[in-house]
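Peer 1: In case you want the letters, here they are:
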Amino acid sequence: MTRMRLSGVVAIDKDVVINAYLKLNPEYRDVCKDILLDGFSGLYTPVITNQILYELLEELISRYRVDEEIVKIIVNGIIMSEHWMKVNYTFKTVERAREIQSLYGLSLSTSLLIATLEEYSIKKIVSGRGDLVIYPYIEVVNPFKK
Amino acid sequence: MSVSRYSETFSLSHIFMLCNILLYIVKKTVKITIDEKIDQEFRDLAKKKYPGKGYYSRAVEEAIKQWIHREKKAYIVYRSIELLESGVDL
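Residue numbers (numbering that gives the first Met the number 0), protein chains in the order written: chain A, 0 to 145; chain B, 0 to 89.
Hints may be right or wrong, so weigh each one.
Computed list of lysine-lysine pairs in BS3-like fashion (alpha-carbon distance at most 25 Å, straight line) [to be verified]:
no.	chain 1	residue 1	chain 2	residue 2
1	A	71	A	85
2	A	32	B	72
3	A	71	B	47
4	A	85	B	71
5	A	22	A	91
6	B	71	A	71
These aren't lab readings, by the way, just hints derived from the structure by calculation.
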């Protein structure tokens with residue numbers, strides 16, 4: 000798999016962070032690790048939403064049974080990094096997410112992610128979520144695609 | 000003027016004096032050597048921000064606190080990147 004070069008403001012989904020840190024698949028890990036390292040170096044502006052941070056934490060602990068101290072390092076590293084942009088959602092975002100959900104038939108999680116990105120005018124995301132591509136106004140870069 | 004409840008034993012000036020003693024006990028005197036130009040620039044800015052007595056100590060304390068905060072943050076990010084490089088075994 001080829002190295003991905005990102006520029007500008009790009010949202011990062013939880014599957015990218017998980018595959019970058021955890022030794023699940025060496026091929027995916029290499030690509031995802033480079034994406035994150037470029038972000039930590041400030042080569043582009045990685046964006047993470049509070050929703051994704053929560054889902055990431057939950058998945059690392061509940062699904063992959065990663066030690067809580069390690070989860071803390073992963074999540075706090077992203078939170079504390081000055082290169083990462085952290086965005087939050089509000090009640091208005093949730094309302095818009097429900098609209099997107101009924102219009103496109105997406106899950107609430109994906110709809111909330113789209114609504115948050117829309118609110119901050121973020122037009123690109125690195126993600127392996129299949130349903131994200133249904134929404135036409137956000138460009139999805141899939142690092143797991145061969 | 001005195002504090003009515005303790006008027007017989009404590010006046011406000013006594014309380015103020017006690018506070019100063021307490022402050023002296025919990026604070027530490029530090030001797031450092033730094034570049035003269037940096038010191039002058041720092042003093043000028045500190046004087047503007049905290050006019051009056053103790054401006055230098057206040058500004059130095061604030062600068063040290065900020066430095067500690069920044070270094071702690073940088074260390075957390077460093078550990079996270081280190082973990083990213085090495086990977087987490089499952």
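Peer 1: Which of the listed hints are broken here?
Peer 2: 3 and 5
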